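S.K.: Here's the letter readout for the chains.
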Amino acid sequence: KQEVTQIPAALSVPEGENLVLNCSFTDSAIYNLQWFRQDPGKGLTSLLLIQSSQREQTSGRLNASLDKSSGRSTLYIAASQPGDSATYLCAVSNNDMRFGAGTRLTVKP
Amino acid sequence: NAGVMQNPRHLVRRRGQEARLRCSPMKGHSHVYWYRQLPEEGLKFMVYLQKENIIDESGMPKERFSAEFPKEGPSILRIQQVVRGDSAAYFCASSPRDNYNSPLHFGNGTRLTVT
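Chains A and B, in that order, are what the protein sequence lines are.
Start counting the first sequence at 1; every next residue gets the next number (this note's numbering).
Start counting the second sequence at 1001; every next residue gets the next number (this note's numbering).
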């Protein structure tokens, strides 16, 4: 059974810092991995999707990497801004999609 | 192009009542997924449906919960005889294909409170 773990559970940084969020999964037989953002009381917004054959994806200040063999992914956020404050969730897909519990990020002005 | 629409946004039910949650997928999407998010927890898969078919319901509780996605109209998640432990946010997502190689698009969720 696929288990997805995200570390840390919460992170608080001053504005402008670069930061890394971690995601690990137990079963490397995945189709893809997605990173989502969830704002309080809202649904999920897909940030980046990495196919199993890819190593990384970039969108603006976000860069996600995937190391399937070690069961790890990282989400790198450059030059963080207060508007980046949200919960970030990673999800892996094989026969279904499994989510981690998320990292709650606070970026202080 | 409207996104995934869920209604109601908030639903309050007393113990023993029925809850019906609706999800209209994005235009052109024929695959719908339901997830439940308990407070301070991640999303848990419940059920995956295509039009008129349940593809995977391995995450659905065995009793009181059912889901459908009729040929016409929205997908419905139905919870009978609700209990306090059913209080959660229920999210619906849709995709145009079934192989998970396209991003899922999520609705804003329905927050169910059982009093």
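For the record, the hints were derived by calculation from the structure and aren't laboratory data.
If you're wondering where the values come from, they're calculated on a predicted model, not measured in any experiment.
Ideal placement from N, C-alpha and C gives every residue a C-beta, glycine not left out.
One or more hints might be untrue.
To be verified - With the Cβ distance kept under 8 angstroms, some of the chain A side facing chain B (calculated, not the full set):
id	residue
1	LEU11
2	GLY43
3	TYR76
4	ASP96
To be verified - Okay, derived cross-link-like pairs now, DMTMM-like style, lysine to aspartate or glutamate, Cα gap no bigger than 25 angstroms in a straight line:
id	chain 1	residue 1	chain 2	residue 2
5	B	LYS1051	B	GLU1068
6	B	LYS1027	B	GLU1041
7	B	LYS1051	B	GLU1072
8	A	LYS42	B	GLU1063
9	B	LYS1071	A	GLU3
10	B	LYS1062	A	GLU17
11	B	LYS1027	A	GLU3
12	A	LYS108	A	ASP96
13	A	LYS108	A	GLU3
14	B	LYS1044	A	GLU17
15	B	LYS1027	A	GLU17
16	B	LYS1051	B	GLU1041
17	A	LYS1	A	ASP39
18	B	LYS1027	B	GLU1063
19	B	LYS1062	A	ASP67
20	B	LYS1051	A	ASP96
21	A	LYS42	B	ASP1086
22	B	LYS1062	A	ASP39
23	B	LYS1071	B	GLU1041
24	A	LYS42	B	GLU1052
25	B	LYS1044	B	GLU1018
26	A	LYS1	A	ASP27
27	A	LYS1	B	GLU1057
28	B	LYS1027	B	GLU1052
29	B	LYS1071	A	ASP67
30	A	LYS108	A	ASP27
31	B	LYS1044	A	ASP67
32	A	LYS1	B	GLU1041
33	B	LYS1071	B	ASP1056
34	B	LYS1027	B	GLU1072
35	A	LYS1	B	GLU1072
36	B	LYS1071	B	GLU1057
37	A	LYS1	B	GLU1018
S.K.: Next step is simple, just say for each hint if it's right about the structure.
M.R.: Quick rundown of the hints versus the structure:
Evaluation of the A/LEU11 hint against chain B yields a violated restraint, the C-beta minimum of about 16 angstroms exceeding 8 angstroms. Interface hint at A/GLY43: satisfied, since its Cβ lies 4 angstroms from the closest Cβ of chain B, which is below the 8 angstroms cut-off. Violation of the interface hint for A/TYR76 is found here, the shortest Cβ-Cβ separation to chain B being roughly 19 angstroms, above the 8 angstroms cut-off. With a cut of 8 angstroms, the hint placing A/ASP96 at the interface with chain B holds, because the nearest CB-to-CB distance is about 5 angstroms.
Proposed proximity of B/LYS1051 and B/GLU1068 is supported: the alpha carbons are some 8 angstroms apart, at most 25 angstroms. This hinted pair does not check out: B/LYS1027 and B/GLU1041 have alpha carbons roughly 30 angstroms apart, beyond 25 angstroms. For a cut-off of 25 angstroms, the pair hint linking B/LYS1051 to B/GLU1072 stands: about 8 angstroms separates their Cα positions. At roughly 28 angstroms between alpha-carbon atoms, A/LYS42 and B/GLU1063 are farther apart than 25 angstroms, so this suggested pair is violated.
Between B/LYS1071 and A/GLU3 the CA atoms are separated by roughly 34 angstroms; this puts the pair beyond 25 angstroms, and the hint is violated. Between the alpha carbons of B/LYS1062 and A/GLU17 the distance comes to roughly 47 angstroms, so the proposed pair goes past 25 angstroms and is violated. Proposed proximity of B/LYS1027 and A/GLU3 is contradicted: the alpha carbons are some 32 angstroms apart, above 25 angstroms. Taken as a hint, the A/LYS108 and A/ASP96 pair is broken in the structure, with Cα atoms around 36 angstroms apart against an allowance of 25 angstroms.
About 31 angstroms separates the Cα atoms of A/LYS108 and A/GLU3, which puts this hinted pair outside 25 angstroms; it is violated. For a cut-off of 25 angstroms, the pair hint linking B/LYS1044 to A/GLU17 is broken: about 32 angstroms separates their Cα positions. Using a Cα cut-off of 25 angstroms, the hinted pair B/LYS1027 and A/GLU17 is violated, with the two alpha carbons roughly 39 angstroms apart. For the suggested pair B/LYS1051 and B/GLU1041, the alpha carbons sit about 29 angstroms apart, so the restraint of at most 25 angstroms is broken.
A threshold of 25 angstroms between alpha carbons decides the hint, and for A/LYS1 with A/ASP39 the separation of about 28 angstroms lies outside it, so the pair is violated. Straight-line distance between C-alpha atoms of B/LYS1027 and B/GLU1063 comes to about 31 angstroms, which puts the hinted pair past the 25 angstroms bound. Taken as a hint, the B/LYS1062 and A/ASP67 pair is broken in the structure, with Cα atoms around 36 angstroms apart against an allowance of 25 angstroms. Among the hinted pairs, B/LYS1051 with A/ASP96 is consistent with the structure: their alpha-carbon atoms are about 18 angstroms apart, no more than 25 angstroms.
The hinted pair formed by A/LYS42 and B/ASP1086 meets the criterion: a straight-line CA distance of about 19 angstroms does not exceed 25 angstroms. Note on B/LYS1062 and A/ASP39: the hinted pairing is violated, with a Cα-Cα distance of about 31 angstroms set against a maximum of 25 angstroms. For the hint pairing B/LYS1071 with B/GLU1041, the CA-to-CA distance comes to about 33 angstroms; that exceeds 25 angstroms, so the pair is violated. Restraint check: the Cα-Cα separation between A/LYS42 and B/GLU1052 comes to about 28 angstroms, which exceeds 25 angstroms; the hinted pair is violated.
This hinted pair checks out: B/LYS1044 and B/GLU1018 have alpha carbons roughly 21 angstroms apart, not beyond 25 angstroms. The straight-line distance between the Cα atoms of A/LYS1 and A/ASP27 is roughly 8 angstroms, inside the 25 angstroms bound, and the hint therefore holds. Taking the CA atoms of A/LYS1 and B/GLU1057, the gap is about 16 angstroms. The hint holds against a cut of 25 angstroms. Between B/LYS1027 and B/GLU1052 the alpha-carbon distance is near 17 angstroms, which keeps this suggested pair within the 25 angstroms criterion.
Restraint check: the Cα-Cα separation between B/LYS1071 and A/ASP67 comes to about 40 angstroms, which exceeds 25 angstroms; the hinted pair is violated. For a cut-off of 25 angstroms, the pair hint linking A/LYS108 to A/ASP27 is broken: about 36 angstroms separates their Cα positions. Among the hinted pairs, B/LYS1044 with A/ASP67 is consistent with the structure: their alpha-carbon atoms are about 24 angstroms apart, no more than 25 angstroms. As the CA atoms of A/LYS1 and B/GLU1041 are separated by approximately 18 angstroms, the hinted pair is consistent with the 25 angstroms bound.
Note on B/LYS1071 and B/ASP1056: the hinted pairing holds, with a Cα-Cα distance of about 18 angstroms set against a maximum of 25 angstroms. For the given pair, B/LYS1027 sits about 13 angstroms from B/GLU1072 by alpha-carbon distance, which is consistent with the 25 angstroms threshold. The hinted pair formed by A/LYS1 and B/GLU1072 fails the criterion: a straight-line CA distance of about 35 angstroms is larger than 25 angstroms. Among the hinted pairs, B/LYS1071 with B/GLU1057 is consistent with the structure: their alpha-carbon atoms are about 19 angstroms apart, no more than 25 angstroms.
As the CA atoms of A/LYS1 and B/GLU1018 are separated by approximately 32 angstroms, the hinted pair breaks the 25 angstroms bound.
Checked against the numbered hints listed earlier, the structure breaks hints 1, 3, 6, 8, 9, 10, 11, 12, 13, 14, 15, 16, 17, 18, 19, 22, 23, 24, 29, 30, 35 and 37; every other hint is satisfied.
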